[in-house]
Amino acid sequence: QSLFNQGLYKLPTALHLRIFFTFWWLTALVIAVSYTSNLIAVLTIPAAAKRIHTPEELADSDLRLCMLDYGEFVPEALKTSSDRTFRILGNKMDLAPEDFDLD
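Residues 1 to 103 (our numbering) are what the sequence shown spells out, left to right.
Keep in mind that the hints were calculated from the coordinates and are not lab data.
Cβ coordinates follow ideal geometry from the N, Cα and C atoms, glycine included.
Worth double-checking, as some hints may not be accurate.
As the list claims (entries may be wrong) - The calculated lysine to any residue pairs, modelled on SDA-like cross-linking and capped at a C-alpha distance of 20 Å, are:
| # | residue 1 | residue 2 |
| --- | --- | --- |
| 1 | Lys-79 | Leu-68 |
| 2 | Lys-79 | Leu-58 |
| 3 | Lys-10 | Trp-24 |
| 4 | Lys-79 | Asp-69 |
| 5 | Lys-92 | Asp-60 |
| 6 | Lys-92 | Pro-75 |
| 7 | Lys-10 | Phe-20 |
| 8 | Lys-79 | Pro-55 |
| 9 | Lys-92 | Glu-72 |
| 10 | Lys-79 | Arg-64 |
| 11 | Lys-92 | Cys-66 |
| 12 | Lys-50 | Val-33 |
| 13 | Lys-79 | Pro-97 |
| 14 | Lys-92 | Val-30 |
| 15 | Lys-50 | Asp-60 |
| 16 | Lys-50 | Trp-24 |
| 17 | Lys-10 | Phe-21 |
| 18 | Lys-79 | Arg-51 |
| 19 | Lys-92 | Ser-82 |
Unchecked claim - Pairwise CB distance ranges, derived in the manner of DEER restraints:
| # | residue 1 | residue 2 | range |
| --- | --- | --- | --- |
| 20 | Phe-73 | Ile-52 | 18 to 28 Å |
| 21 | Lys-79 | Ser-34 | 54 to 64 Å |
| 22 | His-53 | Ser-82 | 16 to 26 Å |
| 23 | Ser-61 | Pro-97 | 20 to 30 Å |
| 24 | Thr-85 | Val-33 | 43 to 53 Å |
| 25 | Ala-47 | Ser-82 | 35 to 45 Å |
Generate the whole structure from the sequences, applying the supplied hints.
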């Protein structure tokens, strides 16, 4: 009677029927709990953000690049690159001073 509030007016007295209904009830309970748990997990966990796998995807995104400015040629090489993707990345790059402290 407890699963769907649907009771039997006459409970089975035969042992094999009692065993069958016990397994039926446990199976229905496991399926209901599994479905409910999965539904809750799907609805409460936010969708993962799209990952960036290529330099082209990074160039087309709204993300900015940051690099410590330790006097190397990389920022200027990116800005003057003949490749469109690397030029965009060079223009999006922010240079932090070398003595930049994250604390």
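Outcome of the hint check:
{"no.": "1", "hint": "Lys-79 to Leu-68", "in the structure": "holds (16 Å)"}
{"no.": "2", "hint": "Lys-79 to Leu-58", "in the structure": "holds (15 Å)"}
{"no.": "3", "hint": "Lys-10 to Trp-24", "in the structure": "holds (17 Å)"}
{"no.": "4", "hint": "Lys-79 to Asp-69", "in the structure": "holds (15 Å)"}
{"no.": "5", "hint": "Lys-92 to Asp-60", "in the structure": "holds (11 Å)"}
{"no.": "6", "hint": "Lys-92 to Pro-75", "in the structure": "holds (10 Å)"}
{"no.": "7", "hint": "Lys-10 to Phe-20", "in the structure": "holds (15 Å)"}
{"no.": "8", "hint": "Lys-79 to Pro-55", "in the structure": "holds (14 Å)"}
{"no.": "9", "hint": "Lys-92 to Glu-72", "in the structure": "holds (17 Å)"}
{"no.": "10", "hint": "Lys-79 to Arg-64", "in the structure": "holds (14 Å)"}
{"no.": "11", "hint": "Lys-92 to Cys-66", "in the structure": "holds (9 Å)"}
{"no.": "12", "hint": "Lys-50 to Val-33", "in the structure": "violated (31 Å)"}
{"no.": "13", "hint": "Lys-79 to Pro-97", "in the structure": "holds (18 Å)"}
{"no.": "14", "hint": "Lys-92 to Val-30", "in the structure": "violated (53 Å)"}
{"no.": "15", "hint": "Lys-50 to Asp-60", "in the structure": "holds (13 Å)"}
{"no.": "16", "hint": "Lys-50 to Trp-24", "in the structure": "violated (43 Å)"}
{"no.": "17", "hint": "Lys-10 to Phe-21", "in the structure": "holds (13 Å)"}
{"no.": "18", "hint": "Lys-79 to Arg-51", "in the structure": "violated (24 Å)"}
{"no.": "19", "hint": "Lys-92 to Ser-82", "in the structure": "holds (16 Å)"}
{"no.": "20", "hint": "Phe-73 to Ile-52: 18 to 28 Å", "in the structure": "holds (24 Å)"}
{"no.": "21", "hint": "Lys-79 to Ser-34: 54 to 64 Å", "in the structure": "holds (55 Å)"}
{"no.": "22", "hint": "His-53 to Ser-82: 16 to 26 Å", "in the structure": "holds (23 Å)"}
{"no.": "23", "hint": "Ser-61 to Pro-97: 20 to 30 Å", "in the structure": "holds (25 Å)"}
{"no.": "24", "hint": "Thr-85 to Val-33: 43 to 53 Å", "in the structure": "holds (50 Å)"}
{"no.": "25", "hint": "Ala-47 to Ser-82: 35 to 45 Å", "in the structure": "holds (38 Å)"}
Figure legend: structure checked against the earlier numbered hints; hints not met, in rising order: 12, 14, 16 and 18.
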